[in-house]
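Novice: Residue numbers (my numbering), protein chains in the order written: chain S, 1 to 254; chain V, 1 to 254; chain E, 1 to 254; chain Z, 1 to 254.
A few of these clues could be false.
Covered stretches of chain S (chain E as the covering partner; in silico rule of three or more C-beta atoms under 8 Å from a C-beta of chain E) [stated by the list, open to error]:
1. 16-22
2. 197-203
3. 236-242
Think about it this way: if two alpha-carbon atoms lie no more than 25 Å apart in a straight line, the pair counts; the simulated SDA-like pairs of lysine to any residue are [stated by the list, open to error]:
4. V:227 to S:196
5. V:203 to E:156
6. Z:227 to V:227
7. V:32 to V:4
Some chain S residues near chain E, calculated using beta-carbon distances under 10 Å [to be verified]:
8. 6
9. 156
10. 222
11. 225
12. 227
13. 245
Hints listed in this document are in silico derivations from the structure and should not be mistaken for laboratory results.
Every residue, glycine too, gets a C-beta built ideally from N, C-alpha and C.
Protein chains: 4
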Amino acid sequence: MISEGDYVLLYLDERRSWIARAETGKQFHTHKGIIDLSELVGKSFGSSILTDLGQVLYAIRPTLAHHVARMHRPTQILYEKDVGLVLVRLGIGPGSKVIEAGTGSGAMTAALANTVRPNGHVYTYEIRQDMAAVAHKNLVRTDLLQYVTMKIKDARLGFDEEEMDAVFLDLAEPWEVIPSGRRSLSSGAYLASFSPTINQVEKTVQALNTNSFIDVRTLECFVRDIKVEMGRTRPRSVMIGHTGYLTFAAKILS
Amino acid sequence: MISEGDYVLLYLDERRSWIARAETGKQFHTHKGIIDLSELVGKSFGSSILTDLGQVLYAIRPTLAHHVARMHRPTQILYEKDVGLVLVRLGIGPGSKVIEAGTGSGAMTAALANTVRPNGHVYTYEIRQDMAAVAHKNLVRTDLLQYVTMKIKDARLGFDEEEMDAVFLDLAEPWEVIPSGRRSLSSGAYLASFSPTINQVEKTVQALNTNSFIDVRTLECFVRDIKVEMGRTRPRSVMIGHTGYLTFAAKILS
Amino acid sequence: MISEGDYVLLYLDERRSWIARAETGKQFHTHKGIIDLSELVGKSFGSSILTDLGQVLYAIRPTLAHHVARMHRPTQILYEKDVGLVLVRLGIGPGSKVIEAGTGSGAMTAALANTVRPNGHVYTYEIRQDMAAVAHKNLVRTDLLQYVTMKIKDARLGFDEEEMDAVFLDLAEPWEVIPSGRRSLSSGAYLASFSPTINQVEKTVQALNTNSFIDVRTLECFVRDIKVEMGRTRPRSVMIGHTGYLTFAAKILS
Amino acid sequence: MISEGDYVLLYLDERRSWIARAETGKQFHTHKGIIDLSELVGKSFGSSILTDLGQVLYAIRPTLAHHVARMHRPTQILYEKDVGLVLVRLGIGPGSKVIEAGTGSGAMTAALANTVRPNGHVYTYEIRQDMAAVAHKNLVRTDLLQYVTMKIKDARLGFDEEEMDAVFLDLAEPWEVIPSGRRSLSSGAYLASFSPTINQVEKTVQALNTNSFIDVRTLECFVRDIKVEMGRTRPRSVMIGHTGYLTFAAKILS
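Please construct the entire structure, taking both the sequences and the accompanying hints into account.
Specialist: As structure tokens, this is what we get:
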């Protein structure tokens, strides 16, 4: 049952869907007509709803992936394919304590927070005040702010936390933060770094090697959409060729 | 600090590592010599330890990914790349109630259980007694059994649960289980299916379309290793070209 | 030296270039201004030329790849990556006699003709009169028509030639033409087929297996662009995810 | 008809085939038994032949791709996927004059020679005497030596030819040879370079940019095998993840 204030994914087709909130007295405008958001309250998820132009939309329960995909993102994009790989390879789960730098739009912050709750915590560092404001707004929307401590601070100056279960870096110059990350990370635990260029990766790997990290591994992940129709199945013509490289490494005692 | 009974990843190099348990009075044999497992107790994770042949190994904290990668797997392999994408796209997190069929070796079961704890639950169905026994052993090892209910039962006959937050199918004939999955899934929530062949995917998508699912999307995920050395960086020559296709869909009210 | 009547690639940047003919008294219009095509005559290839708006363009010698990429193509696109693989795997070279069906826009016809000249020949079959007319125009432009015999005929009714060195099929239902292709192909030689969907491939492979072909192999080819800038190198964000599958097989005596 | 001295591909299955010569009085040994090579003479290509152990092998006409794949290769491997792309993008065809450096095992030399014959020519440079000897043997075998001039010479000291239609570099330090390549290349024509590491590519692109080349483009090409069986079709589990990067550029007048 959809309650007042619930977020709802309004699904039209594979290319068009929106997240709105079920709210009495509010409207939502699409190019296929206007939805009366009051009507959503009390319906089941999975129901259909009509716009004033007669277009059917379906009310789907938004997953974190939907929220993340719709976050306002002024920065480099981390796709869900990368998010999943980071969570699994860093071994993040409920109860984990994680440092993230930088916060960016908060997309990864939300994914981390969602995974560590209710007993874990995410400490996220961002040097730019304006970016932190964007992330704050995004985190409020996903109702995950209580699992996150946001800090407006230069990550190169060091993190305030210790004995973290994982560290995730999404910075232009991650190699400068490897020593800080190392100090805050539990020994035997993993750090990950996301970078769009191969030159950033080279410097990051070099810094990991000289800072007593082992099991240093760099991956790139591709996802291709398949257009499935009985008897006419083929991959989509266009795909995302690159988002960034992911580097993982484990801290050992030096 | 490593305690008696803790699992430890003994890391030699990128191709060779093992999971062992810190246990007083036990030994662990590798082709690089014998480790006295008593010695691990009381050390920090991240420490090094010597085999009787003088080989240095590092004691890393095993993540779930390490456990999963080492599970005895008589069945089709789901890689960590696929596991991450399933968790993120199904929107699974702490508290989620999830159905899985079939259990197989328990690798995905463990990943699901680790993500839904402590308040969520995984109901996993397996038709073969011998497979269920393998999975049980693997789940005991990862200490996640308390979050899992294992059922030896034919998934085509229906699931016992209702209002599930997600359904995950890893079956030879997933299309036969779409109606069962639909009945147990909350409306507006997502189902996922993993299949190695494109023909399985076609039948699954057809069943989803005729059973009132929308947002039906099939993906394949590739991961490539990059060999990073300053000034000599290149992708690895050999990569995994295929594990399986992942299909996702949301249930609507019919 | 560019002569009267020579084709010239006018290169502006990586996204914008045009093929024009050096012709006295003719002009060429671009959105960056007008070129006087008389001016090209007598210049070296590699020279620059100015539009009336002062934009520099470079006069490059067009390769067959440039012509092919600019052909009017009402049909499914075969990319240069696929063309190269077909030529190499079919073992086509100067002197080869090759059957192609269907002609389509003539892009592959041109590539085949260019490779078999001066002593080889391409016999190309097209069922649609309008398509054949498009192809004819394209082949005149590349000056390769003398190496090609065009036939407007249903390939399922059989080919007129025998003892061909290679057969290339680019048809909606290639499996229906495998027996015709077999009859015209030298024994021990190779046939190739290009199809966008995996279902077409299944039927084609089945027909090859039942028509005494061996070494049946299906490939898909991906090409990714790398954006190379010293210190900022990364793959392009978007790539072509699929054009079609290529199937190859050798005819044996039955 | 197979004549005395003809090369024949003896095909067992997708993983096992050999090239042998039809020669009276000679035998060929496989782990599936011995073939009497006299028996091949006078048979049709496409025929089967029995080993003394009763194993059926098929006599296929070897294409250049087969010869190239079986060349003794002490150096970095250029795959057929890369060969095809180079031929098409460089616009090489019958009559082309091409410089290659270095010769390596002669695999690309053979592909180039096969494409430019009968009126074109390949000038190939190799600094190592031992490599040149290997290449010579491989070229004799493919009967293409008459279209090739082999030079044992350091490519950095310059090429002896001028007004070449294309230049192909397969060197450890291609950037050092860009000026030589430029001098020998016709203006408006294309050069290509093959390199395994991204760092080589960066330096090569930089050298191209500072030596008046335009349309500089770097590509990587992947080929995946599909295992096609009616109703059970899937990509192969393992694929080649990387051979090298291909960089192309056109010379302009400076």
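Novice: All hints are to be evaluated individually against the structure, with a verdict given for each.
Specialist: Structure-based check of each hint:
no. : hint           : result
1   : 16-22          : violated (count 0)
2   : 197-203        : holds (count 3)
3   : 236-242        : holds (count 7)
4   : V:227 to S:196 : holds, 16 Å
5   : V:203 to E:156 : violated, 31 Å
6   : Z:227 to V:227 : violated, 28 Å
7   : V:32 to V:4    : holds, 24 Å
8   : 6              : violated, 34 Å
9   : 156            : violated, 20 Å
10  : 222            : holds, 9 Å
11  : 225            : holds, 7 Å
12  : 227            : holds, 9 Å
13  : 245            : holds, 9 Å
Checked against the numbered hints above, the structure violates hints 1, 5, 6, 8, 9; every other hint is satisfied.
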